[in-house]
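Based on the provided sequences and hints, a complete structural model is requested.
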Amino acid sequence: MDRHVPFDALHNFRDLGGYRTADGRRIRPGVLYRSDSLGKLTPGTPDWSRFLSLGIRTVIDLRYPWEIERQGRIPADDSQDHDYAYINLSIEHRPYNQAALPPEVDPGPYLAERYLQVAEDGRKEIREAVERIAEAASPAAPLVFHCASGKDRTGELAALVLTLLGIDEPTIIEDFTLTELAAPALLSDWQARNNGQSPTWLGFGRAPASVMRGFLGL
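All residue numbers for the sequence shown refer to our numbering, where the first residue is 1 and numbers rise by one.
Some hints could be false.
In silico EDC-like links for lysine to aspartate or glutamate, alpha-carbon gap of 20 Å or less [stated by the list, open to error]:
1. K40 to E69
2. K40 to D8
3. K124 to D106
4. K40 to D106
5. K40 to D189
6. K40 to E67
What follows is a set of in silico ranges between Cβ atoms, one per label pair, in the way DEER data are often shown [to be verified]:
7. E120 to G55: 29 to 37 Å
8. A141 to M1: 15 to 23 Å
9. V130 to P65: 17 to 25 Å
10. G72 to L202: 23 to 31 Å
11. G217 to R70: 28 to 36 Å
Since the hints were made in silico from the structure, they are not lab data.
Each residue gets a CB set at the ideal place from its N, CA and C atoms; glycine is no exception.
If you want it as structure tokens, here you go:
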């Protein structure tokens, strides 16, 4: 199935449904989503109508509060026809600038170690996010979680949730690498926010299988 949900402003909005668990069941489509920043949505646009049509009732924002202040959060729905809970759970505690890394840094071991740090530092927030997902995600109340690009923090939480649901490791790695399809558009977004600059790190925005394979193996 095509997991990407098409938006103009969002490039990495994906449905986690359809994956087969170890006991032969499948995650129901249209219940659990992952995305890049929903702060890019604007009420009154086709994107906004598309988002509301998904019936999402819970939004988990994994970014730092300062990121939200700088880049915006998902807008409130003034119509009150589509109420949803907004929860900020910043799972990363040690900020770093991927764009400024040296070009030769290998993304596989580097990001795998970063993900391990996030898993250790953000245990409380990750636990709450998983609990919220378990409580809220249902056919009647779909849920989405996101960070800035929908790659690192979102990818890590997706991997942990899929592991808990009994999804096999190759499938989890494959899901992570789907961000590669959005990488060019996400890079363009970053450049637009940074006066057309280019990141020094050649691995910036990329999601090679070696990253998630390394993280799951730690």
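Hints and how they fare:
no. : hint                    : result
1   : K40 to E69              : holds (13 Å)
2   : K40 to D8               : holds (10 Å)
3   : K124 to D106            : violated (29 Å)
4   : K40 to D106             : violated (30 Å)
5   : K40 to D189             : holds (10 Å)
6   : K40 to E67              : holds (13 Å)
7   : E120 to G55: 29 to 37 Å : holds (35 Å)
8   : A141 to M1: 15 to 23 Å  : holds (22 Å)
9   : V130 to P65: 17 to 25 Å : holds (21 Å)
10  : G72 to L202: 23 to 31 Å : holds (29 Å)
11  : G217 to R70: 28 to 36 Å : holds (34 Å)
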